[in-house]
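Use the sequences and the hints to build the structure in full.
Chains as they are written, first to last, in the working numbering: chain A, 656 to 806; chain B, 125 to 545.
Examples of chain B residues lying across from chain A (beta carbon under 7 Å, computed):
(1) His-481
(2) His-483
(3) Asp-484
(4) Gln-491
(5) Gly-499
(6) His-500
(7) Pro-513
(8) Ala-514
(9) Val-542
Derived by calculation from the structure, the hints in this document are not laboratory data. Where a beta carbon is used, it is the ideal one built from N, C-alpha and C, also for glycine.
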Amino acid sequence: MNSDLQTLYQEIILDHNKNPRNFRVMADATQTLEGFNPLCGDRYTIFLKMRGDVVMDITFQGSGCAISKASASVMSTIVKGKRKEEVLDWFMKFRELVTGKLDAHNREEELGKLAAFAGVSEFPARVKCASLAWHTLKGALELSTATVSTE
Amino acid sequence: MNASSTIVRMRGSSPSFDVERIRRQFPILQTKVRGKRLVYLDSAATSQKPTQVLDAIRNYYTQENSNVHRGVHFLSELATQKYEAVREKVRRFINAATIHEIVFVRGTTEAINLVAQSFGRSQFTSGDEIVVSAMEHHSNIVPWQLLGDQVGTRLRVIPMTDEGELRMDEFVRLLNPKTRLVAITHVSNALGTINLIQEMVSEAHRRGIVVLVDGAQAVPHIRVDVQTLGADFYAFSGHKMFGPTGIGVLYGKQTFLESMPPYQAGGDMIKSVTFEKTIFNDLPYKFEAGTPNIEGAIGLGAAIDFMESLDWPVVEMHEQELLQYAQSKLVEIPNVKLVGTARLKSGVLSFTLDGVHPHDIGTILDQEGVAIRTGHHCAQPVMERFGIPATARASIALYNTFDDIDALVQGIHVVKKVFGV
Chain A
656 MNSDLQTLYQ EIILDHNKNP RNFRVMADAT QTLEGFNPLC GDRYTIFLKM RGDVVMDITF
716 QGSGCAISKA SASVMSTIVK GKRKEEVLDW FMKFRELVTG KLDAHNREEE LGKLAAFAGV
776 SEFPARVKCA SLAWHTLKGA LELSTATVST E
Chain B
125 MNASSTIVRM RGSSPSFDVE RIRRQFPILQ TKVRGKRLVY LDSAATSQKP TQVLDAIRNY
185 YTQENSNVHR GVHFLSELAT QKYEAVREKV RRFINAATIH EIVFVRGTTE AINLVAQSFG
245 RSQFTSGDEI VVSAMEHHSN IVPWQLLGDQ VGTRLRVIPM TDEGELRMDE FVRLLNPKTR
305 LVAITHVSNA LGTINLIQEM VSEAHRRGIV VLVDGAQAVP HIRVDVQTLG ADFYAFSGHK
365 MFGPTGIGVL YGKQTFLESM PPYQAGGDMI KSVTFEKTIF NDLPYKFEAG TPNIEGAIGL
425 GAAIDFMESL DWPVVEMHEQ ELLQYAQSKL VEIPNVKLVG TARLKSGVLS FTLDGVHPHD
485 IGTILDQEGV AIRTGHHCAQ PVMERFGIPA TARASIALYN TFDDIDALVQ GIHVVKKVFG
545 V
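So, in structure tokens, the structure goes:
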């Protein structure tokens, strides 16, 4: 495998793709939103249980490529227990990371598992895959009822 | 080894086809991508262009450029003559009866929209039925849905088998006194299936039903004779048959085209204009409003010259051998499933790999220099039919080689390694 590929398909991404965390329907969700990428057919539903502005629980369901699924899975582990404001901070960090505006180097501690997605910025066609779950989460937090699209 | 003996046998069976000589005519095939030899297996999306086509376009702009059908000066007459010569070339290429039946359009999509909006909208009414198939490209579905919204026509769909062949019994059953049009693809872009057009046309015609054929994926691979096929309309694109983008052809039987109102209005499609009354031009100019894509037509003409310079039975044999070879190699790979295994097939290999999404396959193959298409191929109903979100699609053209197929197979092994499947 060449080095670009290694940066894209890191162990953590392959692991979360194979064994996605929080991958289930939540019966008592307070907010539910479906995100869809019409270009490739990636489709995920994000389930949130909010108490006030705190994400008490988050799960997701759906299908798509490894990048999109791992992104949703990692996201769910990061934002659980966070306040809405913090989640939006992570959203911004993620967006800058995958569009190459944030240098993951030297910030690995701060970024944690999110740093695994730094390689996506080398693959412009895949940025949308990585971002779908995050955009859907943001939409869900804003109580939007429409389907979120990355197109 | 078994595999290599297969290669030798298959490579040896069409000695008269010199693929390297063909490849030398396609400059882009000599380029490298990501430091690797370009393995272009995405010709169903668009084909590459031979030097002949590139030169013709350059020559047009350096020596012949002018507007057509307008000027009295030397260049305008030259450009008009060249442009119209391509119309005759197209007529001969598909064996249409007259040049009046050859309308230049932007591509297959525009051709189908033209028939829907001109023919369909003026002649169909509420309750009329249009029969399409389950394997249509969106461009042969959505124009009929738009028409349905406008005049109330209803879409009926011919189902297909698990192999990706149309159910001919169901097709015949769908035809009824309300059926006004059968709009069907000649070759499926997602599955490669070659449909039995002649048979379908004769079933439709026996009941007085008009037939439109989407020939976008057929023309680059098989010789098309519109009179033998019997289709009333036949649409295809230049860019899939080694010509430039932005030019295509709508063939229509003269009686139909004559009965149809113009599709767009403007210059060139009129005989005389006053503020009281406009008289439309004759065929085919009635359907060619505005300055046309002259360079596109010139390039298309050169693409036809290129195709006609080849020995077609040998080309078709070469493509079929590549297809058979590729299919046999792909099914040997554990967890690879071919989508579309019709008996009559053109060079399309749609496949899935268990546990790996097609987009991930596409990205990894790209790193190996192998260009394929991934996704729904503008045929979402096909994906739905097979219960999959997408496929990876390798598509073959006459310039592909057995080495290209080997590179694809090797790339799939890299994918399997990365994903541990």
